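Using the hints, position chain P against chain V.
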Amino acid sequence: DGGITQSPKYLFRKEGQNVTLSCEQNLNHDAMYWYRQDPGQGLRLIYYSQIVNDFQKGDIAEGYSVSREKKESFPLTVTSAQKNPTAFYLCASRWGSEKLFFGSGTQLSVL
Amino acid sequence: QKEVEQDPGPLSVPEGAIVSLNCTYSNSAFQYFMWYRQYSRKGPELLMYTYSSGNKEDGRFTAQVDKSSKYISLFIRDSQPSDSATYLCAMSARRDDKIIFGKGTRLHILP
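Protein chains in written order, with the numbering used here: chain V, 1 to 111; chain P, 1 to 111.
Next up, chain V with everything else stripped away, as it sits in the complex (with noise of 0.2 Å):
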């Protein structure tokens, strides 16, 4: 069964702390994302990677890092330096077209 899994679902930051979330897909493309969405606001792109091993920074990329040593793992890490990471955070995959194909979401939440 293909597809994007994100968890957790639901995860919790107590202040000060690093939290990652996890994004792991089997379509077997090599573009990814990750996005950050806000009531009312949309989706904002925090970074992408084309491929595996290189990744560039999204329109809000502060406070937030990643990584991509496997083809189907991009993991999302949200730092202490972000002060305001309340939000539904979105992975998505893309190959070879203009189509995104979402996971499920993960709501990250301040204690």
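Calculated from the structure, these hints are not laboratory results. From a predicted model like this one, the values you see are computed outputs, not experimental measurements. A few of these clues could be false.
[To be verified] Far from chain V, by Cβ distances over 10 Å, these chain P residues were calculated: (1) 58; (2) 88; (3) 92; (4) 96; (5) 108; (6) 109.
[Said to hold, decoys possible] Mimicking DSS-like on lysine-lysine, the simulated pairs with C-alpha atoms at most 30 Å apart in a straight line are: (7) V:70 with P:98; (8) V:57 with P:98; (9) P:2 with V:71; (10) P:70 with V:99; (11) P:98 with V:71; (12) V:99 with P:67; (13) P:42 with V:70; (14) V:57 with V:71; (15) P:42 with V:83; (16) V:14 with P:67; (17) P:98 with V:9; (18) P:56 with V:99; (19) V:83 with P:2; (20) V:57 with P:2; (21) V:57 with P:56.
[Stated by the list, open to error] Chain V regions said to be covered by chain P (calculated; three or more residues, Cβ under 8 Å): (22) 39-45; (23) 98-107.
Virtual Cβ for every residue (Gly too), placed ideally from N, Cα, C.
Frame of chain V, contents of chain P only:
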């Protein structure tokens, strides 16, 4: 002027009505146009994809692109309560270019 403008709604219509959702854009280089449907707290799913100008129909859904007016539309015929969701327009200039999203329109179909 924002690159992509979309009325956030909410838009409430009775079951069985025809729904019209719209986006305007400012970048004349956009060639690839998409509509995504997002249910609450879920990842967006690709609904319609159109290249350049013209119409595309898929079941109850029709996507229209008017590049001369920089205006795209999604029509839903015989609307159902299950169509209640947020609809996001998205577009890009090239196949591997960044995809720009509208903020989404919340649609409610009233039984």
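Hints versus structure:
Against the 10 Å criterion, residue 58 (chain P) stays outside the reach of chain V, whose nearest CB is about 14 Å from its own CB. Separation of residue 88 (chain P) from chain V is inadequate, the least Cβ-Cβ distance of about 7 Å not exceeding the 10 Å criterion. Non-interface status of residue 92 (chain P) relative to chain V is broken: a Cβ of that chain comes within 10 Å, the nearest being about 6 Å off. Separation of residue 96 (chain P) from chain V is inadequate, the least Cβ-Cβ distance of about 8 Å not exceeding the 10 Å criterion.
With a closest Cβ-Cβ approach of about 16 Å to chain V, residue 108 (chain P) is found to remain outside the 10 Å limit, as its non-interface label requires. A cut-off of 10 Å between C-beta atoms confirms that residue 109 (chain P) is not in contact with chain V; the least separation is 21 Å. This hinted pair checks out: residue 70 (chain V) and residue 98 (chain P) have alpha carbons roughly 22 Å apart, not beyond 30 Å. Only pairs whose Cα atoms come within 30 Å are accepted, and residue 57 (chain V) paired with residue 98 (chain P) is accepted, the gap being roughly 12 Å.
Our distance criterion of 30 Å between C-alpha atoms is broken by residue 2 (chain P) and residue 71 (chain V), whose separation comes to about 34 Å. Proposed proximity of residue 70 (chain P) and residue 99 (chain V) is supported: the alpha carbons are some 20 Å apart, at most 30 Å. Of the pairs offered as hints, the one joining residue 98 (chain P) and residue 71 (chain V) holds, with about 20 Å between alpha carbons and a cut-off of 30 Å not exceeded. With a C-alpha separation of about 20 Å, the suggested pair residue 99 (chain V) and residue 67 (chain P) falls inside the 30 Å cut-off, and the hint holds.
Using a Cα cut-off of 30 Å, the hinted pair residue 42 (chain P) and residue 70 (chain V) holds, with the two alpha carbons roughly 25 Å apart. Proximity of residue 57 (chain V) to residue 71 (chain V) is assessed by CA-CA distance (about 18 Å); at most 30 Å being required, the pair is judged to hold. Between residue 42 (chain P) and residue 83 (chain V) the alpha-carbon distance is near 24 Å, which keeps this suggested pair within the 30 Å criterion. A hinted pair counts as satisfied when its Cα atoms are at most 30 Å apart, and residue 14 (chain V) with residue 67 (chain P) does not qualify at roughly 48 Å.
Using a Cα cut-off of 30 Å, the hinted pair residue 98 (chain P) and residue 9 (chain V) holds, with the two alpha carbons roughly 26 Å apart. Note on residue 56 (chain P) and residue 99 (chain V): the hinted pairing holds, with a Cα-Cα distance of about 16 Å set against a maximum of 30 Å. Between residue 83 (chain V) and residue 2 (chain P), the direct Cα distance comes to roughly 26 Å. Compliance with the 30 Å bound is thereby established for this hinted pair. Between residue 57 (chain V) and residue 2 (chain P) the alpha-carbon distance is near 20 Å, which keeps this suggested pair within the 30 Å criterion.
In summary, the hint linking residue 57 (chain V) to residue 56 (chain P) is not supported, as the alpha carbons are separated by about 34 Å, beyond the 30 Å threshold. Counting residues of the stretch 39-45 of chain V whose C-beta lies closer than 8 Å to any C-beta of chain P gives 5; at least three are required, and the coverage claim holds. For the stretch 98-107 of chain V, the stated coverage by chain P is satisfied: 9 residues place a CB nearer than 8 Å to a CB of that chain, which reaches the threshold of 3.
Of the numbered hints listed earlier, those contradicted by the structure are 2, 3, 4, 9, 16, 21.
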